[in-house]
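S.K.: Here are the chains, one letter per residue:
2 protein chains.
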Amino acid sequence: MIKHLNRRGFIKTASLAGGALWLPNTLQAKQEEFMGEREIGLPKYELDTPALCLDLDKLERNLSQVQEKLKNTGVAVRPHVKTHKCPDLAKMQMQAGAIGVCAAKLSEVEVMLENGVDQVLMTGVNVTPNKIKKAIQLRKKHPGFIQAVDNMENAKDLQEAAKAAGITADVVVDLDVIKRSGAIPGEPALKLAQFVDQAPNLNFRGILAYDGGVQHVHGYQTRRQRNLERMTPIIETHELMKRSGLNLEIFSGGGTGTYDMMGDIPGFTDVQAGSYLFMDCQYMDIGGVGNEELFDDFAPSLTILSTVINTNHPDRLITDGGAKAVTLNKPAARVIGEPNFNYNAGSDEYGTVTFTESNGSYKVGDVLEMIVPHCDPVVNLYDRIYGIRNDKVEKVIPVLARGMSQ
Amino acid sequence: MIKHLNRRGFIKTASLAGGALWLPNTLQAKQEEFMGEREIGLPKYELDTPALCLDLDKLERNLSQVQEKLKNTGVAVRPHVKTHKCPDLAKMQMQAGAIGVCAAKLSEVEVMLENGVDQVLMTGVNVTPNKIKKAIQLRKKHPGFIQAVDNMENAKDLQEAAKAAGITADVVVDLDVIKRSGAIPGEPALKLAQFVDQAPNLNFRGILAYDGGVQHVHGYQTRRQRNLERMTPIIETHELMKRSGLNLEIFSGGGTGTYDMMGDIPGFTDVQAGSYLFMDCQYMDIGGVGNEELFDDFAPSLTILSTVINTNHPDRLITDGGAKAVTLNKPAARVIGEPNFNYNAGSDEYGTVTFTESNGSYKVGDVLEMIVPHCDPVVNLYDRIYGIRNDKVEKVIPVLARGMSQ
Numbered sequence: 000m001i002k003h004l005n006r007r008g009f010i011k012t013a014s015l016a017g018g019a020l021w022l023p024n025t026l027q028a029k030q031e032e033f034m035g036e037r038e039i040g041l042p043k044y045e046l047d048t049p050a051l052c053l054d055l056d057k058l059e060r061n062l063s064q065v066q067e068k069l070k071n072t073g074v075a076v077r078p079h080v081k082t083h084k085c086p087d088l089a090k091m092q093m094q095a096g097a098i099g100v101c102a103a104k105l106s107e108v109e110v111m112l113e114n115g116v117d118q119v120l121m122t123g124v125n126v127t128p129n130k131i132k133k134a135i136q137l138r139k140k141h142p143g144f145i146q147a148v149d150n151m152e153n154a155k156d157l158q159e160a161a162k163a164a165g166i167t168a169d170v171v172v173d174l175d176v177i178k179r180s181g182a183i184p185g186e187p188a189l190k191l192a193q194f195v196d197q198a199p200n201l202n203f204r205g206i207l208a209y210d211g212g213v214q215h216v217h218g219y220q221t222r223r224q225r226n227l228e229r230m231t232p233i234i235e236t237h238e239l240m241k242r243s244g245l246n247l248e249i250f251s252g253g254g255t256g257t258y259d260m261m262g263d264i265p266g267f268t269d270v271q272a273g274s275y276l277f278m279d280c281q282y283m284d285i286g287g288v289g290n291e292e293l294f295d296d297f298a299p300s301l302t303i304l305s306t307v308i309n310t311n312h313p314d315r316l317i318t319d320g321g322a323k324a325v326t327l328n329k330p331a332a333r334v335i336g337e338p339n340f341n342y343n344a345g346s347d348e349y350g351t352v353t354f355t356e357s358n359g360s361y362k363v364g365d366v367l368e369m370i371v372p373h374c375d376p377v378v379n380l381y382d383r384i385y386g387i388r389n390d391k392v393e394k395v396i397p398v399l400a401r402g403m404s405q
Numbered sequence: 000m001i002k003h004l005n006r007r008g009f010i011k012t013a014s015l016a017g018g019a020l021w022l023p024n025t026l027q028a029k030q031e032e033f034m035g036e037r038e039i040g041l042p043k044y045e046l047d048t049p050a051l052c053l054d055l056d057k058l059e060r061n062l063s064q065v066q067e068k069l070k071n072t073g074v075a076v077r078p079h080v081k082t083h084k085c086p087d088l089a090k091m092q093m094q095a096g097a098i099g100v101c102a103a104k105l106s107e108v109e110v111m112l113e114n115g116v117d118q119v120l121m122t123g124v125n126v127t128p129n130k131i132k133k134a135i136q137l138r139k140k141h142p143g144f145i146q147a148v149d150n151m152e153n154a155k156d157l158q159e160a161a162k163a164a165g166i167t168a169d170v171v172v173d174l175d176v177i178k179r180s181g182a183i184p185g186e187p188a189l190k191l192a193q194f195v196d197q198a199p200n201l202n203f204r205g206i207l208a209y210d211g212g213v214q215h216v217h218g219y220q221t222r223r224q225r226n227l228e229r230m231t232p233i234i235e236t237h238e239l240m241k242r243s244g245l246n247l248e249i250f251s252g253g254g255t256g257t258y259d260m261m262g263d264i265p266g267f268t269d270v271q272a273g274s275y276l277f278m279d280c281q282y283m284d285i286g287g288v289g290n291e292e293l294f295d296d297f298a299p300s301l302t303i304l305s306t307v308i309n310t311n312h313p314d315r316l317i318t319d320g321g322a323k324a325v326t327l328n329k330p331a332a333r334v335i336g337e338p339n340f341n342y343n344a345g346s347d348e349y350g351t352v353t354f355t356e357s358n359g360s361y362k363v364g365d366v367l368e369m370i371v372p373h374c375d376p377v378v379n380l381y382d383r384i385y386g387i388r389n390d391k392v393e394k395v396i397p398v399l400a401r402g403m404s405q
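Chains A and B supply the protein sequences, listed in that same order.
Under numbering that gives the first Met the number 0, the residue at position 26 of the first sequence is numbered 25, and the numbers go up by one with no gaps.
Under numbering that gives the first Met the number 0, the residue at position 154 of the second sequence is numbered 153, and the numbers go up by one with no gaps.
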């Protein structure tokens, strides 16, 4: 379903030309190893660890599940690729029915657009001359690129840059929900939207409003009520814009924690869920519609494999997965099959598992599999994700936008 | 002083062959941009942010300072490259007088050895068949590679693999100080060392004992006393081994927090300090020999540049540097020139600065420069470090072992 054309094609080309990636004396075998080609077909437990694994059956179910749940609600899915940073996965999301994707940063947008993902809405703003210029150049090349603004000066800069490039750039206005990004709802946002709408080289497409604070509120009904309350100024601003005759074809927001609640918001068009395809301990704990303790609409598909390297002390295992492989996010990674294990990733290079009860007896060389604490920053540590089916590596997914925080 | 041969050479070669790194329609200009060649000479404040910057004057002072301080102590420097992950910086450390470097993981070792850093001591263990095989192959190719063992089974596996490869592998025994890695001090460690010493295809070179728990103890004298107390079982084990006639040419350990205290330990040979070349908020806070509040033997050379993207709320700035650019490590990043700023990197994509007093007035597009909270995991987020002198980019240092946690 997915082809690893870009980096693989590159590696092969470089090899023919005698180039090297990080090894000066390059061998074809080394390059295949770098891209994981030698790992295709390998049992997952034989991968060098720490390794980031993706259960493809679970992934595919999650991708169809989000579409299924929203089928008759009038709310579409525009998944946020900041979570996975993989053009290959963005293409799977599009094939599953997404209307486009969101990206957080310009460098991430660029990786998507240049690797065959052609509908990208950038939820962050570009405020420096260099980024504005790049963004406009990207829009010139890719008509499916929409960018956000949240202040008037920036809108003026974008208008000027678009004019200089001889294009009309598509723009949405980001609205402030949690004092982070966004224009102040009400009159200030309306004025900004009207400016964009009237700017000759900008095309106002609608609004964004992401509530990063409500996604992890525990309990479905509490979360649903909180979501509606906090979106009230946004709903009012949407009304205000509507009355003023603005184009509101896009009203985007929401996340994995609120994806099935956004139909409560009048005029809302599409949900920016990111984590739903992987899930993580943070989201599992928020509770779902039929289960207050476990949010199980989606299955945890993303895991870290880590090897036990020391068993010298009782009730303690040391692994090779520390903060550089797991992050410091809380709640801690959960070892599958061992509910009483406490996984501490506080050391950069080592994980420390402490327990009073265990279901197995562990020795040096054994491999633990953990559900990730928080998927986005974990993925951002790895250059590749191993796509696993029937416990074997089916494909290697390059994380092409890893580290693209610019 | 440093040449960016490998990745640059590669990029150019790939370009000649029409290959692409992450862009399928590759232009020479794009590739130069990827490796930062276009940024050479640029004022640092014009870099796309978040950007990781290294003050080259401060770096060079730190590199000579550690050698200067230890000159007449009988303790050598074997810096830990897990901190910087850059062969270029390892070579600078060697030129400054280091006797070799340490590395944490096998993939990191490989990047160093294959990029011209020929004396590498791996402080972690390799316990799986694939890694043992790789380690022995690396030793076959690179005589300067020394690896650690901390259990008998593993030593047997190494002996077998070395025999199969027809080589003698250099080995040190890692000793347990903080219940993490290492063999139990005393008789168990002695037996392991004797086994290694007598194994026909292993060459026992000495011991390691890293105390990851004492490095950040506040106050120089308290830290010094604690270091000595905690090293006591190691000192006794060293004595035991010495009496049994073992080769103890290596007795390595210590870190940036104890680098000038390791001369207290009889027989100690070299310090594995990593952070000293960059420094960070965690280490600045431990206090130094002449200053209980600030550890200032080394200057903070590593900083993150981040751009203000929203100023809509009073006493609050939003930046483009969140957890994916700064990590969740505490204490928080410190904004240079603004001691009253609180930098919260809890959001993946955004930083939130709150303050009651500020020395400047900030607008959207302004750039903040921060001292990193904890250097190792921050570096592990970036593909390149900008080497800065006189506020301009002098060189771009590829972080070739980034993400190499395997």
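Don't read these hints as lab results, they were simulated from the structure.
It is possible that part of the hints are untrue.
No copy is singled out in the list; a pair is fine if it fits within one copy or between any two copies.
Pairs of lysine to aspartate or glutamate residues, derived as EDC-like cross-links and limited to a Cα-Cα distance of at most 16 Å, are as follows [to be verified]:
1. Lys155 with Asp196
2. Lys391 with Glu36
3. Lys329 with Asp117
4. Lys90 with Glu67
5. Lys178 with Asp47
6. Lys362 with Glu152
These numbers come from a predicted model, not from an experiment.
S.K.: Evaluate each hint against the coordinates.
M.R.: Against the structure, the hints come out as follows:
1. Lys155 with Asp196: within (12 Å within a copy, 73 Å between copies)
2. Lys391 with Glu36: So Lys391 and Glu36 pass the 16 Å test inside one copy only (13 Å; across, 40 Å).
3. Lys329 with Asp117: neither (35 Å within a copy, 39 Å between copies)
4. Lys90 with Glu67: Classified as neither: same-chain Cα gap 18 Å, cross-chain 56 Å, threshold 16 Å.
5. Lys178 with Asp47: neither (43 Å within a copy, 24 Å between copies)
6. Lys362 with Glu152: Classified as between; 11 Å across copies, 61 Å inside a copy.
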